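For reference, the chains in residue letters:
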Amino acid sequence: EAQVTQNPRYLITVTGKKLTVTCSQNMNHEYMSWYRQDPGLGLRQIYYSMNVEVTDKGDVPEGYKVSRKEKRNFPLILESPSPNQTSLYFCASSPLAAYEQYFGPGTRLTVT
Amino acid sequence: SQQGEEDPQALSIQEGENATMNCSYKTSINNLQWYRQNSGRGLVHLILIRSNEREKHSGRLRVTLDTSKKSSSLLITASRAADTASYFCATASYFQGAQKLVFGQGTRLTINP
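Chain order of the listed sequences is A and B. Residue 28 in this note's numbering sits at position 31 of the first sequence; the count goes up by one each step and never skips. Whatever position you read off the second sequence (first residue = 1), add 23 for this note's numbering.
A portion of the hints provided could be inaccurate.
Stated by the list, open to error - Calculated cross-link-like contacts (lysine to aspartate or glutamate; reagent style DMTMM-like; alpha-carbon spacing at most 20 Å): (1) Lys79(B) - Asp56(A); (2) Lys68(A) - Glu27(A); (3) Lys93(B) - Glu76(B); (4) Lys62(A) - Glu50(A); (5) Lys49(B) - Glu50(A).
The set of hints was computed from the structure by calculation and includes no laboratory data. Here the structure is a predicted model, which is why all the values come from computation and not from measurement.
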C-alpha cells in the first residue's frame, strides 16, 4: 500500500530535550516536505527536499533541522525544543513539488 | 507566505444541500489543488486544476478556476455527513526559481443530519 508513515504519532517532551520525528514513504517520490499546523494559521512549510542530499528552508525553519540521506526517509530534528514548537506536524511526499501531495497521519508534539 | 485564502472560514449546512467554498490567491499559479482533512488527520488530495483549465469534476466535486480574478471555488453537491471536514486550497507556483506549494487556512465544513 502506497503510504507515508510518521513516528511517533504523539509525543510529550520537555524543553531542551532533543527529539527526532521520522518520516518514510514507499512511493519512490523525489519531493518530501514537513509542515506544522496551528489553529488559525493553516499549514506552514518547515523544510522541503527536492531529492537526496538536497534540502531547503520553508517558511518557518527556525529551530528545526532535516536530513535526506535516502530517498524514502526525511526525518525532522528538533535539537532543543521549546514550547512554541508545540504543534501538529505533517510529513508529505510527491513526485514533484507542484504535484499531488501524499500526507502522513501527523505527529502531535507537546513541549512543556 | 500565505497564498491561498479560503472563504468562508466555517460553513454549516444541512445534509443534502450543496456546499461552496472559495479560494483567492495573489500571484500567478501553475495549478491549484484542493485537499480535505478529517479532524486531526493527514490531508487527502481531492482534485488538481491547472492554470489553463476552467472547470473540473470528480464525482460530487466540481472545481472552477478563474485566473483573471485569481480565485477558485469548490462545490460539493448533495452533501453527506461524511463530508464534514476541513477543506484547504493549495496553490503551486514558482518562487525564487523553485516550485512551491502554499496552503490556505482552510474552511471548516459541518454537515448537519
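Structure-based check of each hint:
1. The straight-line distance between the Cα atoms of Lys79(B) and Asp56(A) is roughly 30 Å, outside the 20 Å bound, and the hint therefore fails.
2. Restraint check for Lys68(A) and Glu27(A): the C-alpha separation of about 7 Å stays at or below 20 Å, so the hint holds.
3. For a cut-off of 20 Å, the pair hint linking Lys93(B) to Glu76(B) stands: about 13 Å separates their Cα positions.
4. With a C-alpha separation of about 13 Å, the suggested pair Lys62(A) and Glu50(A) falls inside the 20 Å cut-off, and the hint holds.
5. Using a Cα cut-off of 20 Å, the hinted pair Lys49(B) and Glu50(A) is violated, with the two alpha carbons roughly 32 Å apart.
The structure shown violates the earlier hints numbered 1, 5.
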